[in-house]
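One line per chain: the protein sequences are W and L, in this order. Oh and the first sequence: position 54 is 54 in this note's numbering, straight run, nothing missing. Oh and the second sequence: position 112 is 112 in this note's numbering, straight run, nothing missing.
Don't read these hints as lab results, they were simulated from the structure. Quick caveat, the model's predicted, so the values are computed rather than measured. Errors might be hidden in some of the hints.
Listed next, the in silico EDC-like pairs over lysine to aspartate or glutamate satisfying Cα-Cα at most 20 Å (straight line) [to be verified]:
| hint | chain 1 | residue 1 | chain 2 | residue 2 |
| --- | --- | --- | --- | --- |
| 1 | W | K37 | L | E96 |
| 2 | L | K99 | W | E66 |
| 3 | L | K10 | L | E96 |
| 4 | L | K108 | L | E11 |
| 5 | L | K40 | L | E75 |
| 6 | L | K64 | W | E4 |
| 7 | L | K64 | W | E7 |
| 8 | L | K19 | W | E19 |
| 9 | L | K206 | L | E75 |
| 10 | L | K40 | W | E19 |
| 11 | L | K64 | L | D147 |
| 12 | L | K76 | L | E153 |
| 13 | L | K99 | W | E7 |
| 14 | L | K40 | L | E11 |
| 15 | W | K34 | W | E66 |
| 16 | W | K37 | L | D3 |
| 17 | L | K252 | L | E75 |
| 18 | L | K40 | L | D147 |
| 19 | L | K19 | W | E66 |
| 20 | L | K99 | L | D215 |
| 21 | L | K40 | L | E62 |
| 22 | L | K99 | L | E14 |
| 23 | L | K40 | W | E66 |
| 24 | L | K253 | L | E96 |
Derived, one-sided and incomplete: chain L residues facing chain W with beta-carbon distance under 7 Å [to be verified]:
| hint | residue |
| --- | --- |
| 25 | L4 |
| 26 | V30 |
| 27 | I33 |
| 28 | V38 |
| 29 | G180 |
Covered stretches of chain W (chain L as the covering partner; in silico rule of three or more C-beta atoms under 8 Å from a C-beta of chain L) [as the list claims (entries may be wrong)]:
| hint | segment |
| --- | --- |
| 30 | 47 to 54 |
| 31 | 57 to 64 |
Ideal Cβ positions, reconstructed from N, Cα and C, are used throughout, including at glycine.
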Amino acid sequence: MNTELREFLPLLIPLVIAEFSLLGYTLYHIFSHKTYKHGNRAIWLVVVLLGMNFIGPILYLIIGREEE
Amino acid sequence: MRDLAVFLRKELRELVRTKRLLILLGLFVVVGIMNPAVAKLTPVILEMTSESMAEMGVTIGEVKVTSLDCWTQFEKNMPIALIVTLIMFSGIYTSEYTKGTLLLLLTKGLSRSSAVLAKFAAMLITWSAGSWLCFGITYFYSAYYWDNSLVNELFFSAFCWWLFGAFMLCGIVFFSSFAGSGAHVMLGVGGAYVVMTLIGISAKAKEYLPTHLIDSSPLYTGNAVPSDYFASAAVTALLSVGLVIAALPLTKKRQL
Numbered sequence: 001m002n003t004e005l006r007e008f009l010p011l012l013i014p015l016v017i018a019e020f021s022l023l024g025y026t027l028y029h030i031f032s033h034k035t036y037k038h039g040n041r042a043i044w045l046v047v048v049l050l051g052m053n054f055i056g057p058i059l060y061l062i063i064g065r066e067e068e
Numbered sequence: 001m002r003d004l005a006v007f008l009r010k011e012l013r014e015l016v017r018t019k020r021l022l023i024l025l026g027l028f029v030v031v032g033i034m035n036p037a038v039a040k041l042t043p044v045i046l047e048m049t050s051e052s053m054a055e056m057g058v059t060i061g062e063v064k065v066t067s068l069d070c071w072t073q074f075e076k077n078m079p080i081a082l083i084v085t086l087i088m089f090s091g092i093y094t095s096e097y098t099k100g101t102l103l104l105l106l107t108k109g110l111s112r113s114s115a116v117l118a119k120f121a122a123m124l125i126t127w128s129a130g131s132w133l134c135f136g137i138t139y140f141y142s143a144y145y146w147d148n149s150l151v152n153e154l155f156f157s158a159f160c161w162w163l164f165g166a167f168m169l170c171g172i173v174f175f176s177s178f179a180g181s182g183a184h185v186m187l188g189v190g191g192a193y194v195v196m197t198l199i200g201i202s203a204k205a206k207e208y209l210p211t212h213l214i215d216s217s218p219l220y221t222g223n224a225v226p227s228d229y230f231a232s233a234a235v236t237a238l239l240s241v242g243l244v245i246a247a248l249p250l251t252k253k254r255q256l
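From just these sequences and the hints, can you work out the full model?
In structure tokens form, the structure reads like this:
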């Protein structure tokens with residue numbers, strides 16, 4: 001398993017970095033805003049945390065994020 | 001020409017400041033990494049499920065992943081990236097029309113045509129950068145893990161994808177010249193795609209349709225050659241130019 005895992009590292013490292021930076025930015029954005037285009041804070045937190053493999057944050061950034 | 005430069009600078013700055021550019025490019029990078037990752041994971045997943053499959057009487061032999069699997073993933077995931085791009089840009093015109101923010105610049109003497117063209121240029125720049133970035137990342141990983149020479153016509157098929165995306169962006173430009181909101185624009189672009197797919201059921205017409213461009217697997221396996229795609233590429237390019245040109249007078253007549 002160990003050598004197998006090492007084989008995946010070049011793919012995994014950038015994905016993990018991208019995933020968590022996206023998650024962090026999205027959470028920061030949700031908490032620093034009171035109103036959203038659709039939905040409210042509770043809904044978006046659930047969506048973003050449940051779908052944290054990119055889908056949740058991307059959904060939020062496309063349809064939840066309010067234009068400034 | 002100067003008008004165009006002014007508007008283009010404004011559009012690009014807007015893309016950067018609203019973080020749209022960052023989000024889109026991030027998405028393309030992620031998709032670019034996902035393609036080889038999914039291909040690489042396929043045997044592992046199959047191995048994990050093989051036991052339960054064996055109980056059901058299905059035996060799975062040794063699965064060998066090649067670069068072809070990786071590029072099949074590319075062909076499957078590109079539509080997702082394109083759809084997100086289109087949704088992101090669907091309101092680029094209409095939101096400015098309804099908010100009236102464009103009026104400020106137009107009353108200063110800048111022309112409407114240059115506003116339309118500059119927005120289109122900004123979309124095209126984003127899509128070009130994103131799609132080629134995605135292609136480059138997939139290409140790099142595919143070369144790292146496997147052998148890209150097994151797959152034919154990689155660059156041509158990527159060009160076809162780029163052209164199809166550019167055509168869909170022209171659809172946004174056209175529908176935005178009379179649609180009321182971003183949702184209407186998306187409806188128009190989606191409807192156009194459905195109509196093209198329906199016409200494409202007839203095999204004779206399919207060769208000339210833009211949707212033929214994104215059917216890249218025959219190219220990869222060598223069942224088709226680039227010249228099979230020239231007709232639809234020419235039609236797509238002509239339609240794209242036509243849509244943008246048609247949008248200019250329509251926008252001029254539009255009540256802002």
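Hints and how they fare:
For the suggested pair K37/W and E96/L, the alpha carbons sit about 17 Å apart, so the restraint of at most 20 Å is met. The hinted pair formed by K99/L and E66/W meets the criterion: a straight-line CA distance of about 14 Å does not exceed 20 Å. For the proposed pair K10/L and E96/L, the alpha carbon gap of about 13 Å is at most 20 Å, so the pair holds. Our distance criterion of 20 Å between C-alpha atoms is met by K108/L and E11/L, whose separation comes to about 17 Å.
At most 20 Å may separate the alpha-carbon atoms for a hinted pair to count; K40/L and E75/L meet this at roughly 16 Å. In summary, the hint linking K64/L to E4/W is supported, as the alpha carbons are separated by about 15 Å, within the 20 Å threshold. For the given pair, K64/L sits about 16 Å from E7/W by alpha-carbon distance, which is consistent with the 20 Å threshold. Between the alpha carbons of K19/L and E19/W the distance comes to roughly 17 Å, so the proposed pair stays at or under 20 Å and holds.
Of the supplied pair hints, the one linking K206/L and E75/L holds, its CA atoms being roughly 18 Å apart against a limit of 20 Å. At roughly 19 Å between alpha-carbon atoms, K40/L and E19/W fall within 20 Å of each other, so this suggested pair holds. Straight-line distance between C-alpha atoms of K64/L and D147/L comes to about 13 Å, which keeps the hinted pair within the 20 Å bound. With a C-alpha separation of about 17 Å, the suggested pairing of K76/L with E153/L holds against the 20 Å cut-off.
Distance hint between K99/L and E7/W is unfulfilled; the C-alpha atoms sit about 52 Å from each other, more than 20 Å. Of the supplied pair hints, the one linking K40/L and E11/L is violated, its CA atoms being roughly 39 Å apart against a limit of 20 Å. A threshold of 20 Å between alpha carbons decides the hint, and for K34/W with E66/W the separation of about 10 Å falls inside it, so the pair holds. Distance restraint check for K37/W and D3/L: the Cα-Cα separation of roughly 32 Å exceeds the 20 Å cut-off, and the hinted pair is therefore not satisfied.
Of the pairs offered as hints, the one joining K252/L and E75/L is violated, with about 38 Å between alpha carbons and a cut-off of 20 Å exceeded. At roughly 13 Å between alpha-carbon atoms, K40/L and D147/L fall within 20 Å of each other, so this suggested pair holds. With a C-alpha separation of about 12 Å, the suggested pair K19/L and E66/W falls inside the 20 Å cut-off, and the hint holds. The suggested pairing of K99/L with D215/L is violated, with an alpha-carbon distance near 39 Å, which exceeds 20 Å.
A C-alpha spacing of about 14 Å is found between K40/L and E62/L, which places the hinted pair at or below 20 Å, so the restraint holds. For a cut-off of 20 Å, the pair hint linking K99/L to E14/L stands: about 15 Å separates their Cα positions. For a cut-off of 20 Å, the pair hint linking K40/L to E66/W is broken: about 38 Å separates their Cα positions. For the hint pairing K253/L with E96/L, the CA-to-CA distance comes to about 16 Å; that is within 20 Å, so the pair holds.
The beta carbon of L4/L is not positioned within 7 Å of any beta carbon in chain W (closest approach about 24 Å), and the interface hint is therefore violated. At about 5 Å, the closest approach between the beta carbon of V30/L and any beta carbon in chain W falls short of 7 Å, and the interface hint on this residue holds. Among the interface hints, the one on I33/L holds; its C-beta lies about 5 Å from the nearest C-beta in chain W, closer than the 7 Å criterion. Of the supplied interface hints, the one on V38/L is violated, with its beta-carbon coming no nearer than about 10 Å to a beta-carbon of chain W, more than 7 Å.
Because the beta carbon of G180/L sits about 17 Å from the nearest beta carbon in chain W, more than 7 Å, this interface hint is broken. Look at the segment 47 to 54 of chain W against chain L: 1 of its residues bring a Cβ nearer than 8 Å to a Cβ of that chain, fewer than three, so the hint is violated. Evaluation of the coverage hint for the segment 57 to 64 of chain W: fulfilled, as 3 residues show C-beta separations to chain L shorter than 8 Å, against a requirement of three.
Going down the numbered hints, you'll see the structure goes against 13, 14, 16, 17, 20, 23, 25, 28, 29, 30, while the others check out.
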